[in-house]
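Throw the hints in and build the complete structure from the sequences for me.
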Amino acid sequence: MKPISIVATIGPALSFLRAGSILTACLLSLLLTGCSEPPIPPEVDLAVSQDQNLWKVGVPKYAPREYEEYAATLRAGQDMLTAERSKFIWFQDYDPVAKFFGDVIAHGEQVRTAALTAKARETTDLSLQIIKIGDRLRILRNLADDVRDKKLSTRSMARAETLLNEAKGHVKNGDWTKARRAISEANLNVDSAVNSTRKMVARFADGQQIAHWRGQVANAIQRSRNNGGYLIVVNKLDRELTLYKSGQQVKTYSAGMGINYLADKLYSGDRATPEGEYRITRKLPASKYYKAMLINYPNEEDQRRFAEAKRRGEISKRTHIGGLIEIHGGGTAGLTYGCVALDDRHILELYNTVEVGTPVVIVGALSANNSLCSTLDSLCNAN
Amino acid sequence: MKKLLVVLASLALVATLTACAKAPTEEINATKAAVDAAVAEGAQQYTPEDYKMVADGLAAANAEIKVQEEKFFKNFDKAKQILAKTKADAEALKGKVAQRKEELKQAAIATLAQANTALAEAKALLAKAPKGKGSKADIEAMQTDLAGVEAMIPEVQPMIDGGDFIGANEKANAILARITAVSDEVKAAIEKKK
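Just so you know, the sequences run in chain order A and B. Per my numbering, the very first residue in the first sequence carries number 1; after that it's consecutive. Per my numbering, the very first residue in the second sequence carries number 1; after that it's consecutive.
Certain hints may be false.
[Unchecked claim] Which residues of chain A face chain B? A few of them, derived with a C-beta cut under 10 Å, are:
#	residue
1	Asp-51
2	Gln-52
3	Glu-84
4	Ser-86
To be clear, the hints were calculated from the coordinates, so they are not data collected in a lab. Just so it is clear, the structure is predicted and the values come from calculations on it, not from any experiment. Where a beta carbon is used, it is the ideal one built from N, C-alpha and C, also for glycine.
Encoded structure:
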């Protein structure tokens, strides 16, 4: 057998090609031209660029369900394109692809609108919630300022204010989950502040309690009318001291109260102004607060309440009931440790008018339509 | 014999034309690893737009490979080009994310430090505020406010430690704003007393 040289091997092949059938030549030519594909429809690039824009404006975040549907359609389109591109050039038909991607683009526009609407709606909703909680906080703060009872300023209010600031930042960043969490926590803190406020001021909205105070004052006025003597009535909520003579109102003065004046005084150091029926026991011409008139706190009722609170363990056994509650000068602007403070010229007037033994009735409020009542209503209704 | 040689030659020609067309598996794996590393670094959270670009790059490369795999004459050059670019982008993105995170972390740490300083200053201001019967209650209210905000400061560090730098920043800024507000109230109260 003769050895087969390369020339001997390729030679016949080349001659086969040269002399090959027209069909083979055509096939080879078409195979080679198969590398150059027809152009991809412009809708494809438009859709891809639209997807990137949708992502850029945060569509997956603001309309996740709608975006997922859109993305699935886009993926289906890309699979369709891949399948079409994979076909032999003769069989490629991009018209359905172009139409499909045209539909994808239209879908994308709908998703963009949905996302922007959802974004605006959610931002508005969260902002409104922040405003609403902020309003409740402002009512609480104003209440604390109006009644000048600083016990109404609580840690939970400070926390709520900080959380609202934080929530605003999250809304700005479009992080709704964190914004909602901060708002919810702020709301809980405001609720807690409202509840503690409600406990403190509930007496001022209690019809029976108001009736009791009104009864105390009415009886004292009747006694003043009967005996023709002076009577001092202190209305804590209105921060007023009214002087009566023979049951007739003589003059009303603005008055300052204890730091914790919404509470009824129970023990020494609670900085509350006592409530009840007292009398002037001593006049002090040279007081630290200009002039002062001491009242007989604690009276029998105060002592009974104090003993009861101790028995129940509501206050420590070492706690004292306190005393030295006065009507004094020094001005009404400040807060006292439980005394009733008048402006100096008013205490001088009163000091020169009334004598030791003059009855003093101190009540929380005389009207059920008081500011605390309406504030409490607005706080509860605002929730 | 001659016919056999012709067939062999034709097969050799076809094999020559398709020989280089192997799917770029290594490149795919390397690019996917680079994208995964960027994701692990937090690309989706911190640089979502950039993440989208590399994710789309990887998807485009996969689509191109799929097309070529169906072809008689495979050519993975374009897929390789896309993969190489995507890999480089993903690697750069990982660095970018790390840098962004570090910036946010440092910002949160700085704001937290500012909040602590502001708190100390506000406390010092309150301590020297004139305490009379008239102002004692106001001072106590401000102290209560400060105590309420102070209690929130320890919540920031765990957020930083946990990698929630954006959240930590927002909280630290909110705390700082509240302390500053209380501080301003204290200053106003002191000024009023003068």
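Hints and how they fare:
no. : hint   : verdict
1   : Asp-51 : 8 Å, holds
2   : Gln-52 : 6 Å, holds
3   : Glu-84 : 9 Å, holds
4   : Ser-86 : 3 Å, holds
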